[in-house]
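Chemist: The primary structure of each chain is shown beneath.
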Amino acid sequence: MTSYQHSIRQRQYQFDSLKTLLAKATPERSGDALAGLIAASAEERVAAQWCLADVPLTTFLNEVVIPYETDEVTRLIIDSHDQAAFAPIRHLTVGGLREWLLDYRTDSQQLAAVAAGITPEMAAAVSKIMRNQDLIAVAKKCQVITRFRNTLGLAGRFSSRLQPNHPTDDPQGIAAAIFDGLLYGCGDAVIGINPATDSPQAMTSLLHLIDELRQRYAMPVQSCVLAHVTTALQVIELGAPVDLVFQSIAGTEAANRSFGIDLALLHEANQAARGLQRGTIGNNVMYFETGQGSALSANAHHGVDQQTCEARAYAVARAFEPLLLNTVVGFIGPEYLYDGKQITRAALEDHFCGKLLGLPMGCDACYTNHAEADQNDIDNLLVLLASAGCTYVMGVPGADDIMLNYQSSSYHDIRFVQTTLGLRPAPEFEAWLQQLGISDQAGRLIANERHRLLQSAAQLGAL
Amino acid sequence: MAEQSENELWQRLRQFTNARIGIGRVGDALPTKANLAFQQDHALARDAVHAQVDFAAIASALQPEFPQILRLKSAALDRATYLKRPDLGRSLHVESRLQLEALQTDPCIVALVVADGLSAVAIERHAVPLLNIIKPQLESLGWSLAPLVLVEQGRVAIGDEIGELLKAELVVILIGERPGLSVADSLGIYLTYAPQRGRNDAERNCISNIHPQGLSYVAASDLLMYLLGQARQRRLTGVALKDERQQLGATNNPTLE
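So the protein lines, in turn, are chains A and B.
Residue numbers 1 to 463, in the working numbering, belong to the letters of the first sequence in order.
Residue numbers 1 to 257, in the working numbering, belong to the letters of the second sequence in order.
Chain A extracted, bound-state conformation (with noise of 0.2 Å):
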């Protein structure tokens, strides 16, 4: 095993693999500390960085950061990586890929070109010596377009999740959030349900909900009920109707264990739900979600930072072309990210990382109330990953999720973003809601009592 090493005033620190080398290079943070991986000082983490910084991208294919033998992530990792791609940016070290990145000559197109050939350990190292603004900077400039119904990741575009979740999966309290959220025009990523019972039934019922409403406004979006994996593959079996299928999903083959999932799930997941062939334009069916501290919550990190087991989730994801991925960044609590600084921190490094291997990233931006947050942490956050190119952010009503009890980002939230920084949402999306009434060719909300979804608001209860 190769000794990494750099003094900084005749101190010398000593790195004894690649993982502690990584782990120590991490901007401070709670989970790693928890996990005992975090540098001991400062001086130490930047130490850590320099050295890292001196690390040639050879090396992570050489070095991996838990045995190829015994993981089937890190098999995944290594056995997809393209040679081809990768050798524009063969002869790098993690800090000349940082200048790479950052240079004018790099574009969209460049970066596209060589995701295949950056493995998630390159990913997660580069992001660890890049300040806030250069992962936004470089985020910008990836693009990643998927589609089922609509487009999804277009320049100029950010998308909402309609998330109307309730504590008893009540159709009509669902369904009055689902209006509430189209008016405010939120939902062209998807209409998600956070389902509070896993079962075959309630998930069926919740699909055949969404998909009247759907088909009765003609609404060029996406549904999908977010329950485990093997539910979902029992009720299309029995031929409910199926968009998108969910699954949390980790950077270990341990932590995934811990899920309920492996590989060969997901890929058969993908499988049937590609062979319903639902999408109109496309037929990216995945929709993933991750968050940094899933692999330490299911002891299955490995001696891995949070941040590195993060990125390894996303390799996990491109292998299946998702129409969907987001990260979930202050949902697990205060021992992994304290407070907005972390948060804040976490869900940027997460977007570049997702976006460089090219992913469809979004984010979940929220807090829990033992967090050292609130929702100007949030504002804070939506600015910053609006800015970055996010693809999608979730709409809560009023941000105040009552069945998972966190707070995310509303429908409000998503508007002010838009009109402040001048982005729209998908464009079949934004056409339908010009059709409908609902915004004007500028985007703005029109005003309008007698609205068509009112109307239909109003029939609740008779349903």
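Quick caveat, the hints were computed from the structure, so don't treat them as lab data.
Bear in mind the structure is a predicted one, so any value in this text is a computation, not a measurement.
Hints may contain errors.
Claimed, not checked - Non-contacting residues of chain A with respect to chain B, defined by C-beta distances greater than 12 Å in every case (computed):
#1 THR20
#2 ALA33
#3 SER41
#4 ASN62
#5 ASP79
#6 ARG147
#7 ILE236
#8 SER410
#9 GLU449
What the hints assert, rightly or not - Only part of the chain A face toward chain B is listed, based on derived beta-carbon distances under 10 Å:
#10 LEU34
#11 ALA177
#12 ALA399
#13 VAL417
#14 GLN441
#15 LEU445
To be verified - Derived coverage of chain A by chain B (criterion: at least 3 residues anywhere in the stretch with Cβ under 8 Å from a Cβ of chain B; other residues may be distant):
#16 264-275
#17 308-321
Backbone N, C-alpha and C define an ideal beta-carbon position, used for all residues, glycine too.
Assemble the complex: chain A is given as a structure, and chain B must be docked to it using the hints.
Modeler: Same frame as chain A, now just chain B:
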């Protein structure tokens, strides 16, 4: 007035959901009332997380029912450490551990523990009335009780260490749950059969959501007595032990498992 009718519509729809639907807008933003209502709910939740439980007051309120009360601390000595290091909140401070070891108590059936958890308000409002309902029920069964333990900066698993040191067959811990925006004072009860350090979540049962809008004290206490009885009979707690009282009445709803 049309505007009023839209307001009335959303007000009516709110009977189906507590979600913040139909809260209106000015430009793209929240109206002042909705904005401040959210801030207020978040403020209550934050205060609940950071407030300190007045354990001295709780101890004196419980003194008539519980002649022997022990005040202990977890290894997380302040709130910031508690929030960052769940592992420390799960174990006793070394002095508290020595204190329990020195007690040399006789084996007993149930050890009752109260921990602040993530909501001081939940403990201050609900711990005393709930314990005053639970204790007579335990006594009517003739079950021996360990001294009552009040523990600061504790997480759920600390109950197992306390139960082990008190040689209890079962430990029952009352703990403040993570405050949501709508409810900041929810209390949870966890029970473990044969408590000892290192037990995991799958080996415990939980009765959650105890507060005025949720589960009542009496309903919570009844469920606790049922689970304790089953736990003693079957010599276990955890995923294999479920609330099967309903199923005797044969409900036919397949989604209610």
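Chemist: Next step is simple, just say for each hint if it's right about the structure.
Modeler: Verification of the hints:
Every CB of chain B is more than 12 Å from the CB of THR20(A) (nearest about 21 Å), matching its label as outside the interface. Distance to chain B contradicts ALA33(A) as a non-interface residue, since its nearest Cβ pair spans about 7 Å, not more than 12 Å. A cut-off of 12 Å between C-beta atoms confirms that SER41(A) is not in contact with chain B; the least separation is 18 Å. No Cβ of chain B comes within 12 Å of the Cβ of ASN62(A); the nearest lies about 35 Å off, and the non-interface call holds.
Separation of ASP79(A) from chain B is adequate, the least Cβ-Cβ distance of about 34 Å exceeding the 12 Å criterion. With a least beta-carbon separation of about 28 Å from chain B, ARG147(A) lies farther than 12 Å from that chain, consistent with its non-interface assignment. No Cβ of chain B approaches the Cβ of ILE236(A) within 12 Å, the least distance being about 19 Å, so the stated non-interface status holds. Listed as a non-interface residue, SER410(A) fails to keep its Cβ farther than 12 Å from every Cβ of chain B; the least gap is roughly 8 Å.
Not every beta carbon of chain B lies more than 12 Å from that of GLU449(A), the smallest distance being close to 4 Å; the non-interface claim is violated. Taking 10 Å as the C-beta cut-off, the interface hint given for LEU34(A) holds, the closest approach to chain B being about 6 Å. Because the smallest distance between the Cβ of ALA177(A) and any Cβ of chain B comes to about 5 Å, under 10 Å, the interface hint for this residue holds. Because the beta carbon of ALA399(A) sits about 7 Å from the nearest beta carbon in chain B, less than 10 Å, this interface hint is met.
Hint status for VAL417(A) relative to chain B: holds, with the closest Cβ pair at about 9 Å, below 10 Å. For GLN441(A), the interface hint is violated, since its Cβ never comes within 10 Å of a Cβ in chain B; the closest pair sits about 17 Å apart. Proximity of LEU445(A) to chain B holds as hinted, the smallest CB-CB distance being about 7 Å (cut-off 10 Å). Counting residues of the stretch 264-275 of chain A whose beta carbon lies closer than 8 Å to any beta carbon of chain B gives 0, which falls below the threshold of three, so the coverage claim is violated.
Residues of the stretch 308-321 of chain A lying with their CB closer than 8 Å to a CB of chain B number 0, which falls below the three-residue condition for coverage.
Checked against the numbered hints given earlier, the structure breaks hints 2, 8, 9, 14, 16 and 17 and satisfies all the rest.
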